[in-house]
Amino acid sequence: MSGGVLPGWDARPAALSILARLLPRRTPAVIPGALPSLALTLVWVGLIVLLPLAALAARPWQDGPAALLHALSDRRTLAALRLSFGTALGAAILCTLLGLLLAWVLGRVRPPGWRLLDAMIDLPFALPTAVAGITLTTLYARTGWLGAPLARIGMRVAYTPLGIMVALVFVGLPFVVRVVLPVLRDLPAELEEAAATLGARPAQVAWRVLLPALWPALATGFGLAFARGVGEYGSVIFIAGNRPLVSEIAPLLIVIRLQEFDYGGAAAVGLVMLLAAALCLLLVSAARRRLPASLGLVR
Amino acid sequence: MSAASSVRPAAHGPSAWALTLAAWGVALLFLILPLLSLFHEALRQGVRAAAATLRDPDALSAIRLSALVVAIVVPVNAACGLFAAYALTRFDFPGRAALLVLIELPLSISPVVAGLVWVLLFGAEGWFGPALAAHGVRITFALPGILLATLFVTFPFVTRTVMPAMEAQGRDQEEAAAILGAGFLSVLLRVTLPEVGAAAVSGTLLCTARALGEFGAVSVVSGHIPGQTETVPLHIETLYNGYETVAAFSLAALLAVVSGLVVGARGLLEWQGQRRRRDDALV
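Line order of the protein sequences matches chains C and L. With numbering that gives the first Met the number 0, letter number 51 in the first sequence gets 50, and the count goes up by one each step, no holes. With numbering that gives the first Met the number 0, letter number 103 in the second sequence gets 102, and the count goes up by one each step, no holes.
Pulled out of the complex, with its shape left as it was, chain C reads as follows:
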């Protein structure tokens, strides 16, 4: 990456240093517009992201740490958080496996009709979450196209945690495919050919040559799918059943606390989710930094 952050610069006093040292230091001021473009960016980010997030970070402490602890140790809150993180983890693992399968078929096998399959992968990106939610619910409900045969073998999907996983796999799948596919396509064929001519069996090539090259992409896709799954709301609440302690996800609990005018409780759960999202973002960008530069991703 050209330029970048100054070496040895510490991320912690970020907000202060942005304000204190607004003007570019290293670039000679040849390109015009440093001050106006930076100022507008800071105002925009400050008003739309920083100010609201500051309110979220501050609100849970307003009633004292005891109230925050009480709100978070509540049985219903813990169950909701466990459900959200657990189903997101399961769904992200499934997304990674299924996404690798789809990426492999699209990148390497290329069966007839692969272009159609490739175009379809983005469907969950295009489908608004509420639409996905009611559609998946109808599909997996007891009378639905998939729910009826499943019910006959004794499996209930809609209105159970399993249904939540189905919705999360649906929304997370394209993240994995879209990250893994370009990396798989750009892997030099010589790598595998060399391994094969040296006598590696296909399984050995896959395990010892392809997997090490693919893992940053797989980790990035996993992280993106997990982050999306933890916070997902629209596609989940219709299929979840929303029974407290059983199938009530954390975002829904925030909505319920707000309806009870328990702003502190809502903000406490919100803060946990914000921290989880920030952590995910950090880990994903660490994995993304190991992706090949040719993908043109922002580092």
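Everything labelled a hint here was simulated from the structure, so no lab data went into it. What you are looking at is a predicted structure, and each value in this text was computed from that prediction instead of being measured.
Computed, partial: chain C to chain L, Cβ under 7 angstroms:
| no. | residue |
| --- | --- |
| 1 | Ile30 |
| 2 | Pro31 |
| 3 | Leu37 |
| 4 | Val48 |
| 5 | Pro51 |
| 6 | Ala54 |
| 7 | Leu100 |
| 8 | Leu101 |
| 9 | Val104 |
| 10 | Ala125 |
| 11 | Thr134 |
| 12 | Thr137 |
| 13 | Leu138 |
| 14 | Gly269 |
| 15 | Cys279 |
Just so you have them, the derived chain L footprint on chain C, three or more residues with Cβ under 8 angstroms:
| no. | region |
| --- | --- |
| 16 | 109-121 |
| 17 | 253-265 |
Far from chain C, by Cβ distances over 12 angstroms, these chain L residues were calculated:
| no. | residue |
| --- | --- |
| 18 | Gln44 |
| 19 | Pro56 |
| 20 | Asp57 |
| 21 | Ser60 |
| 22 | Arg63 |
| 23 | Ala130 |
| 24 | Leu131 |
| 25 | Leu142 |
| 26 | Gly196 |
| 27 | Pro225 |
Just so it is clear, CB atoms sit at the ideal spot from N, CA and C, and this is done for glycine as well.
Fit chain L to the known structure of chain C by using the hints.
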């Protein structure tokens, strides 16, 4: 692909067939059946019944509100996103990494939290809520709240798609233009923008699709007043929960078609760009 690629594992042969079958199975379960089911439910009582539900006054009001939200949010975030991408790629400054994190954060935050933050700021008990209410200004449970929530969730798209294009473009042309005496706006509009135009359009389309379909964030701040503060996704929820299945799925199908066209246009744009780059490389 060259003949040598046949040594690549599992590109041919019975295992390739098994993998292909499995991939189509996954696509059937998670992509094809949901799409078919959506239109099947919408058209269950015929096209005419589906169309009739779209002429309901509350549905029309929801469509109008969604259009208004897109018309306001998308230009604001497109313009600001472009300035931000310019600032982040054309200048080195301390704090750049922190700014990048802040711009990316809305992508990984739960939409419900994206709505919650505005309630904490402008709700009845919020930081500024009581003061604004004293002056008769309503933010939550009204249009401004819906706009703010949508601004928050669609915030990163333009910056995120334009930045890689700007980095690939490099700074030479801008420097040349500046030395020849061009000012900030003429550099941005006449040198930078023409080069990254496709990326900017692509990001704007993503932003539009998300603004159209946003559910969680808007649901927290809107108050769900049918005919007043319900966008299309919220009205779909109201209809669905009221067991008006055909109406809910008709509106959902309409939203899916519009959203699909927006995302599809982006795919087409990208595909053309790739083809052009390939042609350039061949020349």
